[in-house]
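Novice: As a plain string of letters, each chain reads:
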Amino acid sequence: MRPQPPPKRPLNMQTIDLTEVGLRETNKTLHAQSADTNQTAWEIVNPRGSHAIACGLDAPIEVTVKGSTGYYCGGMNQQATVNIHGSAGPGTGENIMSGKIVIEGDASQYLGATGHGGLIVVKGNASSRCGISMKGVNIVVQGNIGHMSAFMGQSGNLVVCGDAGDALGDSCYEARFFVRGTVKSLGADCEKKEMRPEHLEILKGLLDEAGFDADPSEFTRYGSARNLYNFDVDNAAAY
Amino acid sequence: MNKHDEKGIPHTTPRQSATFTQDVNSDIRRAAATGIYDIRGGGAKRKVPSFDDLLFMGASISRYPLEGYREKCETSVTIGGLHAENPIELDIPITIAGMSFGALSGPAKEALGRGASAAGTSTTTGDGGMTPEERGHSNKLVYQYLPSRYGMNPDDLRKADAIEIVVGQGAKPGGGGMLLGQKISDRVAHMRNLPKGIDQRSACRHPDWTGPDDLEIKILELREITGWKVPIYVKVAGARPYYDTTLAIKAGADAVVLDGMQGGTAATQDVFIEHVGQPTLAIIRPAVQALQDLGMHRKVQLILSGGIRTGADVAKAMALGADAVAIGTAALIALGDNDPKWEAEYNALGTTAGAYDDWHEGKDPAGITTQDPELMKRFDPIEGGRRLRNYLKVMTLEAQTIARACGKNHLHNLEPEDLVALTMEAAAMAKVPLAGTDWYPGKPGTGF
Ligand SMILES: Cc1cc2nc3c(=O)[nH]c(=O)nc-3n(C[C@H](O)[C@H](O)[C@H](O)COP(=O)(O)O)c2cc1C
Chain A
1 MRPQPPPKRP
11 LNMQTIDLTE
21 VGLRETNKTL
31 HAQSADTNQT
41 AWEIVNPRGS
51 HAIACGLDAP
61 IEVTVKGSTG
71 YYCGGMNQQA
81 TVNIHGSAGP
91 GTGENIMSGK
101 IVIEGDASQY
111 LGATGHGGLI
121 VVKGNASSRC
131 GISMKGVNIV
141 VQGNIGHMSA
151 FMGQSGNLVV
161 CGDAGDALGD
171 SCYEARFFVR
181 GTVKSLGADC
191 EKKEMRPEHL
201 EILKGLLDEA
211 GFDADPSEFT
221 RYGSARNLYN
231 FDVDNAAAY
Chain V
240 MNKHDEKGIP
250 HTTPRQSATF
260 TQDVNSDIRR
270 AAATGIYDIR
280 GGGAKRKVPS
290 FDDLLFMGAS
300 ISRYPLEGYR
310 EKCETSVTIG
320 GLHAENPIEL
330 DIPITIAGMS
340 FGALSGPAKE
350 ALGRGASAAG
360 TSTTTGDGGM
370 TPEERGHSNK
380 LVYQYLPSRY
390 GMNPDDLRKA
400 DAIEIVVGQG
410 AKPGGGGMLL
420 GQKISDRVAH
430 MRNLPKGIDQ
440 RSACRHPDWT
450 GPDDLEIKIL
460 ELREITGWKV
470 PIYVKVAGAR
480 PYYDTTLAIK
490 AGADAVVLDG
500 MQGGTAATQD
510 VFIEHVGQPT
520 LAIIRPAVQA
530 LQDLGMHRKV
540 QLILSGGIRT
550 GADVAKAMAL
560 GADAVAIGTA
570 ALIALGDNDP
580 KWEAEYNALG
590 TTAGAYDDWH
600 EGKDPAGITT
610 QDPELMKRFD
620 PIEGGRRLRN
630 YLKVMTLEAQ
640 TIARACGKNH
650 LHNLEPEDLV
660 ALTMEAAAMA
670 KVPLAGTDWY
680 PGKPGTGF
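The listed protein sequences correspond, in order, to chains A and V. Residue numbering for the first sequence follows the numbering used here, starting at 1 and increasing by one per position. Residue numbering for the second sequence follows the numbering used here, starting at 240 and increasing by one per position.
Calculated from the structure, these hints are not laboratory results. On a predicted model such as this, the values are computed, not experimentally measured, just so you know. There may be inaccurate statements among the hints.
[Stated by the list, open to error] These stretches of chain A come out as covered by chain V in the derived footprint (C-beta under 8 angstroms, 3 or more residues):
id: 1; region: 124–135
id: 2; region: 203–217
[To be verified] Covered stretches of chain A, going by a simulated chain V footprint (3 or more residues, C-beta under 8 angstroms):
id: 3; region: 45–55
id: 4; region: 74–84
The C-beta atom is built at its ideal place from N, Cα and C for all residues, glycine as well.
Bound conformation, chain A alone (with noise of 0.2 angstroms):
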């Protein structure tokens, strides 16, 4: 990893003790902020593992949740940033539309799940079935990600620094994988393919705005074989 300057504080952070204001109050604060708001800057502390923590934001924020959230934090998101430092539950970051999601710590099941824009970064390891279903997100992953990752994933991209569990990418439509390390099993359809300078450039542009330092040619990518897309009797067995 690139070194870093250490975090600043911004000057006009607002500061959410969720345990005290309640989840309600915490998520409509940051829903009543605007696109214009001069308040960007939140911070969430005693997360707790609260479940949909800065789900359906949809204004240009920076939200920082100071621990480990529960499922769905970061749901659907729009435009907005969220931050997580600790590890994040299952579903984080469903159906996010656009803006970002870093996760400094681990990330549980479905991380991604159905998203169809934006940018999630993992720091640790996403567990399984990550980026399942997804619809044009970009997934960015420093460590391993588990299995049944991006199941159905029809586009956007996945990217793994580590190695991938079994049955990586099973059904897939148009979804593209990297992946650096080793993968224990493709999923029915998925299939190793050519990596061109196409594909290199876009993974050298989701690193770098993961702000991860890896070598892209250290990458295989994967996808469909395209041989699920229309019924055949001879790959029933497939299905």
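Starting from the known structure of chain A, fit chain V with the ligand onto it as the hints suggest.
Specialist: Frame of chain A, contents of chain V with the ligand only:
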């Protein structure tokens, strides 16, 4: 036919098998020729115990009726008042079920919105997302949250008047969706983030939750995103209605949508449609029991669907404890689906009006279950909307007629005591007496 052979020995008459019927044999030949199971639209075509096996008794000396045109019989229903700031207020207890854009054309969705709004009720999106046509023409629009999450986005979510988390569908409890390549037009492909022309499979499970404990958290998330404003329904297939209703309520649902096996689908394996799930008649009482056991009957609303056709069906569903019903197939027929006026074209497709169910092929002569621009032109959404409104009004009038005859000034006041059953099966399922007796199978204290 030879009556005897050359030696004069008589032949037996040709006899068709009750096991290997012509239908069965044609399906075997179809399977042998294609190597794929039969996919079709619609609901179970087999005969199952149904609302037709129930009758209302009407008024007598012990109960007096209401005067047809003078004494009011209310029909309104409020859905989702338990947790939501803005519950859905409907003039009539008949809603339009979720049917996907993709399965239906844009103009057909528009017509559903027009008809439902004119009749004072809601429509529902479906797999494939929310179209401007239906949002624009539906006063009350329920947004489905499905396993596939096709077209799912928070902007549309916030435009919805209610959210329906779809766990299952009566036509295929435990099954996912299917939209064959022919119907994946540019617009459908774009809304679903998929390549054009591929066979599109929808998942059968939600990608980011499993089980009742997760469902509770998912409901919390959706409420947080929409500020606790709109009701959240949970739609389940008629599989294990007592437990599913119990778990949905415990997870925090405002309403439970329960869909029996006659319920339609856009495209599912025939074997699934005909062999998985329970008949609509069989699932109401267990669901109502679950609501009552939790003290939630009439607080969490029960919306019943699967083969609802008439005001009598509506009245029977409500008498057994439902708060409202939803219709899919019947609404399509009202719009003009399977109309005999297209008989020649149905014949050309190898079928006949009333039996046409290859909706997934996108060749619907009525222009409703298609994405073909030429066929779509045949369907006028304004006329379609008017027809649907008429039909909804007629169903409501029919239900009111029955309710008044039973002495009820609101459809919700209909009760099981107003009903008898024609068959033992229906008596057991509806827990109302077999006609002419005071008994039903399983009645407590009767030794059965
Ligand atoms: C053409 C068509 C499309 C459907 N699409 C959906 C869908 O997208 N999501 C869903 O939950 N149910 C879907 N259904 C099922 C209906 O919501 C409803 O459960 C069923 O139609 C009710 O039974 P009925 O058709 O006998 O009235 C569809 C049904 C039909 C006929």
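Novice: Run every hint past the structure and note whether it holds.
Specialist: Outcome of the hint check:
1. 124–135: holds (count 4)
2. 203–217: violated (count 0)
3. 45–55: holds (count 3)
4. 74–84: That given contact holds, which follows from 3 residues of the region 74–84 of chain A lying within Cβ reach (below 8 angstroms) of chain V.
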